[in-house]
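Trainee: The lines below spell out each chain.
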Amino acid sequence: EPEVTQTPSHQVTQMGQEVILRCVPISNHLYFYWYRQILGQKVEFLVSFYNNEISEKSEIFDDQFSVERPDGSNFTLKIRSTKLEDSAMYFCASSGAGAYSYNEQFFGPGTRLTVL
Amino acid sequence: QQQVKQSPQSLIVQKGGISIINCAYENTAFDYFPWYQQFPGKGPALLIAIRPDVSEKKEGRFTISFNKSAKQFSLHIMDSQPGDSATYFCAASMRANQGGKLIFGQGTELSVKP
Chain A
1 EPEVTQTPSH
11 QVTQMGQEVI
21 LRCVPISNHL
31 YFYWYRQILG
41 QKVEFLVSFY
51 NNEISEKSEI
61 FDDQFSVERP
71 DGSNFTLKIR
81 STKLEDSAMY
91 FCASSGAGAY
101 SYNEQFFGPG
111 TRLTVL
Chain B
117 QQQVKQSPQS
127 LIVQKGGISI
137 INCAYENTAF
147 DYFPWYQQFP
157 GKGPALLIAI
167 RPDVSEKKEG
177 RFTISFNKSA
187 KQFSLHIMDS
197 QPGDSATYFC
207 AASMRANQGG
217 KLIFGQGTEL
227 SVKP
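Note that the protein sequences, when read in sequence, are chains A and B. Under our numbering, read the first sequence as residues 1 to 116, first letter to last. Under our numbering, read the second sequence as residues 117 to 230, first letter to last.
Calculated directly from the structure, the hints in this document are not laboratory data. No experiment lies behind these values; they were computed from the predicted model shown. Careful: at least some of the hints might be erroneous.
To be verified - Straight-line distance between alpha carbons at most 25 Å, and here's what the computed SDA-like set of lysine to any residue pairs gives:
no. : chain 1 : residue 1 : chain 2 : residue 2
1   : B       : K158      : A       : M89
2   : A       : K83       : B       : S201
3   : A       : K78       : B       : K158
4   : A       : K57       : B       : A161
5   : B       : K158      : A       : N51
6   : B       : K121      : A       : K78
7   : A       : K42       : B       : E142
8   : B       : K184      : A       : E104
9   : B       : K184      : B       : A165
10  : B       : K229      : B       : P198
11  : B       : K158      : A       : F61
12  : A       : K78       : B       : P198
13  : A       : K78       : B       : K184
14  : B       : K229      : A       : Q41
15  : B       : K121      : A       : S81
16  : A       : K57       : B       : A145
Using the sequences and the accompanying hints, generate a full structural model.
Mentor: Rendered as C-alpha cells:
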C-alpha cells in the first residue's frame with residue numbers, strides 16, 4: 001500500500017541553524033501539506049502546496065519557513081533559523097484528486113525536531 | 117470560528133464496551149469531517165470520515181454520527197479492544213474540492229482495559 005515517507009525520523013539542531021525536513025508524498029497525489037504537533041498537543045496546520053505553489057499558510061508559517069518541491073517526488077520544509085519553540089513533530093501529508101479523494105489526507109510518520 | 121472542540125480529553129473503557137468521543141464546530145463552511153487515530157511516535161492515520169450530506173457512516177466497529185443542525189459529530193467505537201488504545205483526533209475541512217487544510221480537535225486519549 002502506498003505511503004508517505006519522511007526523513008530524517010529525528011533531527012537535533014542548535015538554535016539558529018537551518019534544517020530541511022524531507023517528505024516523499026504518495027506518487028499520484030496532487031496536494032501536499034505540512035503540519036506540526038508540539039508534544040502532547042493537537043496537530044496544527046502549517047502550509048498546503050498545490051501546482052508548485054503555496055495554496056494556503058497559517059500564522060505559524062512565517063518568513064523563516066519555506067517549502068519546495070524540487071523534483072517530481074520530494075517535498076521539503078526548510079526552517080532557516082531555528083528557535084527553541086520550533087521543537088515539535090513535523091508531519092507531511094498528501095491527498096489525491098478526484099471525487100471524494102481530495103480531502104483524504106494521508107500522513108507520514110513524522111520528523112521529530114529538537115532545537116537545543 | 118475555525119476551532120473544533122473535542123471531548124473528553126481522556127477516556128477509559130472496558131474491553132467490549134463502547135467508546136464515544138464528541139466534537140463540535142462553529143463554521144458552517146466545513147464540509148468534510150475525518151477522524152484520525154494516532155499511536156505514540158506515529159503519524160495520524162485516517163480512520164473514517166463523513167460529509168455533511170449524511171447523518172451516519174459505519175465502517176466495521178467504527179461509526180461516525182453527524183448532527184448538522186447542532187454542528188456536532190461523534191465517533192463510536194463498538195466492542196472496544198485493547199488494541200484500540202490510542203489518541204483520537206477529530207478534524208474538519210472546508211473547500212473540499214480544493215484540498216483544504218485540516219483543523220484538528222485537541223485529541224482524546226483512549227485507554228481500553230482488558
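Trainee: Which numbered conditions among the earlier hints are violated in the structure presented, ordered from lowest to highest?
Mentor: 2, 5, 6, 12, 13, 15
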